[in-house]
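Q: Listed here are the chains, written in short residue letters.
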Amino acid sequence: MTAGYAVPGPIIAIGVLSLFIALDRLLAPLYAGMGTGSAPLVLSLSLAMLIAGYVVRFMATGYNAVEAGFERIGTKYAEASRTLGAGVTRTFFRVDLPMLRGSLLGGAALTFVEIAKELPLTMLLRPFNFDTLATKAYQYAGDERIYQAAAPSLLIIGIGLASVFLLNHLAGSGQK
Amino acid sequence: MTHVLAEQIIFTHPGARTPVIREMSFAMGKSEIIGVLGPSGSGKSTLLRLLAGLETPDSGRIVIGGRTVFDRGVFVPPEKRGVGMVFQDYALFPHLTVAGNIAFGLHRLPRAKRAARVREMLDLARLDGLADRYPHELSGGQQQRVALARALAPGPELLLMDEPFSNLDAGLRAAIREELREILKRTGTTCLLVTHDRQDVAAICERTIRIGGEAEVGATDYANLSAIST
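In order, the protein sequences belong to chains X and D.
Going left to right, the first sequence walks through residues 2 to 177 as this note's numbering numbers them.
Going left to right, the second sequence walks through residues 623 to 852 as this note's numbering numbers them.
There are no misleading hints in this set.
Derived DSSO-like pairs: lysine-lysine, alpha-carbon spacing no greater than 30 Å straight-line: (1) D:Lys807 with X:Lys77; (2) D:Lys807 with D:Lys735; (3) X:Lys77 with D:Lys652; (4) D:Lys702 with D:Lys652; (5) D:Lys807 with D:Lys652; (6) D:Lys702 with D:Lys807; (7) D:Lys702 with X:Lys77; (8) X:Lys137 with X:Lys118; (9) D:Lys735 with D:Lys702; (10) D:Lys735 with D:Lys652; (11) X:Lys77 with D:Lys735.
In silico negatives: residues of chain X with every beta carbon more than 12 Å from chain D: (12) Thr3; (13) Gly5; (14) Ile12; (15) Gly16; (16) Leu24; (17) Asp25; (18) Leu134; (19) Arg146; (20) Ala150.
I should point out that these hints are in silico values taken from the structure, not numbers from a laboratory.
C-beta: ideal position from N, C-alpha, C; glycine also.
Could you build all of it, start to finish, from the sequences and the hints given here?
A: Structure representation (C-alpha cells):
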C-alpha cells in the first residue's frame, strides 16, 4: 500500500492515466445518457485523476505518520475506554482521534509539502490550465523568465520551512 | 449468593502451544474482595483480561452480576459487561482532565447527574481541588486514586485491579492499601485484585486465589472454589 513512494512519479502517472482512460471508456454510455455530448473523456480531464496519482504516490508519508502514532499510544487507552462502557466508534472519536491529533497533523503537513514540490507526476496528470507552484516555476524557468520563476520557487521553500517548524513544534508538544 | 462465576476457563495465547490458564473455576459473592496471587507469567493479568472481555477464552463460562457474558456462542463485548478495570500503569487519558477522565464512563447519564456523580467520586477518592488538573500533573498516588475513581464511577458489577500498587513506593503503599480497602467496603464493590505481593492480599482481601504452582489454599467456605493452573 505504501510502495507508491518508491515508484517514480511518471510511472505512476502513466498507470493512473491508462486506468482513468479505461474507466472513461467503460462509462461512455453513461456520459452519452447524461447528454454531455460525444466527448468520452470526463474523468481523465478532471482533477480527480491528479488527486488519485497523489494518493498512490504519497500514501506512505501520511500512513507512516499515523502508524507511528498508533504504535506510540498502544492499545491500553482503547482498552480502558472499552471497559468504561464506550463502544468501538465512541472509543475512536473520543480516545484514539484526539490522541493521534499530533501524528495526523504531522502527516498532513509532510504530505502537503511533498505535493507542493512534486513536478513530474503533476505535469503528466494535471488538467488543462491547472498549475501548481512547481509547474509554474518549471514553466517560467523553461521560458528563461528567471525573475518570474523565483517567486513560486521561493514560495515552495517558504512552505517547506514553515512545515519543518510546525513538525518540530508538534514533536516538542507531543512529549508530555 | 454467587455474583461472579468462572467455570472451566481455558485460555491459550495466540501462537502458544500450551494454555496459560487451564480449567480454572472460581466463584465470588457480592461485595467480596478476592486477591489473585502468583508469580509473573502465571496468567494473573490474563485472567483479568478474560473477565473484562479484552481476551476471549478458548472455552468455559463466565457469569458477572447474574448475567452470562461468555459461554459457547455468547460473547458480551467489554463495554456491555459492567466491569471496571484499574490498569497497572493506570492508562489515564492524557488529553482529559481528572474530571474528564472520571466522567468518561458516565456518558449515558444526563448532564446534571453526571456532574453530581463526578463530584461524589472526587470526594470519595479524596481528589478535591484536582478536578481540572491533567494526569501528568499528578503524583503517582493521586493518579492511582483517579484510576480507581474512574473505574468506580459507572458503578461496575465487578472491579478488576491489575497490580494496583506496583508503581508506588513502599511508604505510600501501606497508606493507599488502607484507603483502598475502605473505599471498596464503603461502596460495596466486588473486587478481584491481582498482585504478586502477599502483604497486599493480607491487608485488603478476604480470600485468595493462587495461580501458578500449588493449588489454591486460601481460607474459604465456598465448596466450589478451586483454582488450579500451572
